[in-house]
Amino acid sequence: MNLILTIAWTHVRHRARQTLVAIAGVMTGVGFSIMMAAMMEGSQDDFIKTLVDALPHISITDESREPTRQPADMVYAAAELHGLTPQVRRPGIKNPMAMIASLQSWVPGSLTPSVQSKALLRFAGRNLNISIVGIDPHTEVHVSNLGTHMRQGTLTSLYRSSNAILLGDRLANKIGARVNSNITLASAEGSNMNATVVGTFHTGFRAMDETTGYVLLKTAQILEKQTGIVNEIRVRADDPMAARLIAERIGEQTGYKSISWQEAQEDLLSAITLRNVLMYTIVGAILLVASFGTYNIISTITHEKTRDIAIMKSLGFRDHTIRAIFIVEALLVGMVGAALGWVFGYLLTRGLASLEFKTPFSDYNHLPVLYAVKHYVLATSFALLSSLIAGYFPARAAARLHPVDIIRGAT
Amino acid sequence: MSAALIEARGVTKILAGVVPVTLVQDIDLAIVPREFVAVTGPSGSGKSSLLYLLGLLDLPSSGDVLIDGRSTTSMTENDRAEVRLKRIGFVFQFHFLLPEFTITENVALPMRALGQLPSRAITARAEQLLASFGLGDHRRKTPDQLSGGQRQRVAVARALANDPPVILADEPTGSLDSVATAQVFGILRELVTLHGKTVVAVTHDLALAAQMHRRIHIIDGRVARDERVASATA
Ligand SMILES: Nc1ncnc2c1ncn2[C@@H]1O[C@H](COP(=O)(O)OP(=O)(O)OP(=O)(O)O)[C@@H](O)[C@H]1O
Ligand SMILES: [Mg+2]
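Residue numbers (the numbering used here), protein chains in the order written: chain A, 5 to 415; chain B, -2 to 231.
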C-alpha cells in the first residue's frame, strides 16, 4: 500500500470510535440530503406531470393581445374622452372551425374547440356558481385526459340526452346529485335550462372536481345565447415542452391570445425554482454540518499526532506528504460516510415513499419520490468537497509544524 | 576543506523573544568521513541545539551549515528534507518511534518516503537491519512491546535505513542501563569501524566519550575544546 494511505489508514483505524462518529455524521448528512432531494424533486416532477396532463398545453382565447381600440381612440388619438359607452364586440373566436383546420396543418398536436361559461346550478334547493365548459367529445379525448378521469359515464354520454352534463364528483356529492338527476342551470345571459347529469369525473384537482361541469358545445352556446360561439381553442402538443414556442407562433398567425401552460403557470414555476434554491441551500448546509465531525476528528488526530508529525518531518518527510496524509484521512471518512449515506438515503427514500397521508390539494396518499443518480452524485461530491475542506486546514497546520519545537519540548 | 561531510561556518542560533536566548554562538566545525565524535558539555550548554543545526532540523540565525560542501541555508525546506532523508540519520535520546506501527514498519518508513526501492526489498532490508541488531525475533512487535534498549536499537536501525554517511545521535544511551548502553554504544562504534560511517553523538558519559576519536566540548553555546585522539582517526 502507498505510504500516505498506510499512515492515514493506521491513524483512523486506531481511533475507531471517533472515526465512526465522523463517518456517521457524513452518512446522516448524505442520507438525508438524498432523501430530501428525492422528495422535493419527486413531488415537483409529479406536480408538473399532473399539471401538464390536466391542463391544455396551449389555450387560444378570444381576447386580443391588446385591448380592442374603440372608435373614439381611432379618431382622437391623444385625446382623453370620458363617459363613452364602448362599442359592443361580438365575443368569441371568428370562424373557429376554419382556424382549427388551418392550425391543424402545422401544429404538432391536437386541437379542440370549447366554450367557457359560468352558470348558477340549482338542485334540491341549493344554488352554486359553477364553471360550464362546452366541449366536443370527439376531439376532446385527444386534448385533455377528462375521458380517463370519468367515474361514471363517458364523454360520449353527453349525446345521451339533450342538455346532458358531466359533473365533478365532489360537486355532485356536495349537492347530492347522481346520474340521471335533473338540475337547473341559469346563465348570466339570462337563459335557464334543465339538464340531466349523465356522468361524473374525478381529476384529482379539488378546484376542478368541485366547481366544473362539462356539456356539449351546443348546450353551452345556448346558455351563452350565442349560436356557433367558441371562445377557447385548446391544444395538446405532442411535446409539452415545445408549447411555449408553438403558442407564440399561433399568437402571431391568428392575432388571438395564445398562452402556453408554462406562461399560464409562470408564478408556480418560479415558486418551484425558489423551492429548489431553498432545497439546495438546506442540503448544502446539512452536508456542511456533517463535515464538522470530520474536521473535528482530523484536527484531533493532528493534535494527538504532533510528535509523530515532528518525527516524520525530522526523518525527511516533505510538507506535502504530511499534508496529504491528513487530507486522505478526511477523504477516507468522507468516502466511507458517503457510501453508507447512499444506502441510508435510499432506505430513507423508500421509507418516505411508503408513508400514507392526505393533502388538501390533491388526493395522493403517497409522497411521490424521484430516484435519481444525480442526487447521489451531487451529495457525494459535496460531502467529499466539505471533507476536503475539513481536512485541509488541520493538514496544513500539521505540515507547517517545526520539528525542533516539538523535539525540544519532548526531550 | 570540501572533504567535510558536515561543516558549520560561524553558526549562531538565537531564539527571538522578549528575552532573546542564544543557543549556540559562532560555531566553526568540520566533520570528516569515518569520524566518531563525542559532543560533551554541561546541561543546557547547547549540545542538542548544535546537533539540530548540523542535522538541518533547525535553521541558524546566522552562518551556514554545509552538507557535502553544499550550503543548506539557501535551500528550500523540501530540499533540506531530502538531504535529511538521504544523507543524515538521526537518533534521539527518546526513541521517537511511531507507536502504531511495527518496528519493521518504523525502520521501513524512511525508505518508503524516499521511494527508491520496491516494497518487498524495503521490508527485506528493514528486517535484515533489525536482525543485525539482534531484534530479528521482535520484528512484528510495536515499540511499546520492547525494552528501552531494544527501542533505541530500532531507532539506530531506522537512522541507517537509507544508508546515510552520517549518524547524528543525541544522548542515544541517556535513558539506558549499563548493559543496554554498552550494546547501543557498541553498535555505533561498529558503524564507524566496520561500516565506514561517521557518527556524532552527544553524551554525558565521560567514559564513553573517552572511547571516541574526537571530543567537542561545548560551554555556553561555544566550542570550548575540540580534541582528537591521534591514534583513533582514520
Ligand atoms: N525553546 C526554548 N526557549 C528558550 N530557551 C531554550 C529553548 N530551548 C532550549 N533553550 C535553552 O537553550 C539552551 C541550550 O539548550 P540545549 O537543549 O541545546 O542544551 P543541551 O546542552 O542539550 O542540554 P542537556 O544536556 O540538558 O540536553 C538551554 O539553556 C536551554 O534552556
Ligand atoms: Mg540535550
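Worth double-checking, as some hints may not be accurate.
[Claimed, not checked] Coverage of chain A stretches by chain B, computed from C-beta distances (three or more under 8 Å per stretch; other residues unrestricted):
id: 1; segment: 8 to 22
id: 2; segment: 347 to 353
[What the hints assert, rightly or not] So the derived label-pair ranges between C-beta atoms look like this:
id: 3; chain 1: A; residue 1: PHE51; chain 2: B; residue 2: ASN75; range: 53 to 59 Å
id: 4; chain 1: A; residue 1: ASN300; chain 2: B; residue 2: ASP223; range: 26 to 32 Å
id: 5; chain 1: B; residue 1: GLY112; chain 2: A; residue 2: ALA343; range: 54 to 60 Å
Treat the hints as calculated values from the structure; they're not laboratory data. For every residue, glycine included, the Cβ atom is placed at its ideal position computed from N, Cα and C.
Hint by hint, here is what the structure shows:
With 4 residues having a beta carbon nearer than 8 Å to a beta carbon of chain B, the segment 8 to 22 of chain A meets the requirement of three or more and the stated coverage holds. By the rule of at least three residues with a Cβ nearer than 8 Å to a Cβ of chain B, the coverage given for the segment 347 to 353 of chain A is violated, with 0 such residues. Under the hint 53 to 59 Å, the C-beta atoms of A:PHE51 and B:ASN75, about 58 Å apart, fit the expected range. Remark: the range hint 26 to 32 Å for A:ASN300 to B:ASP223 is contradicted by a beta-carbon distance near 52 Å.
In this structure, B:GLY112 and A:ALA343 break the distance hint of 54 to 60 Å, their C-beta atoms being roughly 30 Å apart.
The structure does not agree with the numbered hints 2, 4, 5 stated previously, though it agrees with the rest.
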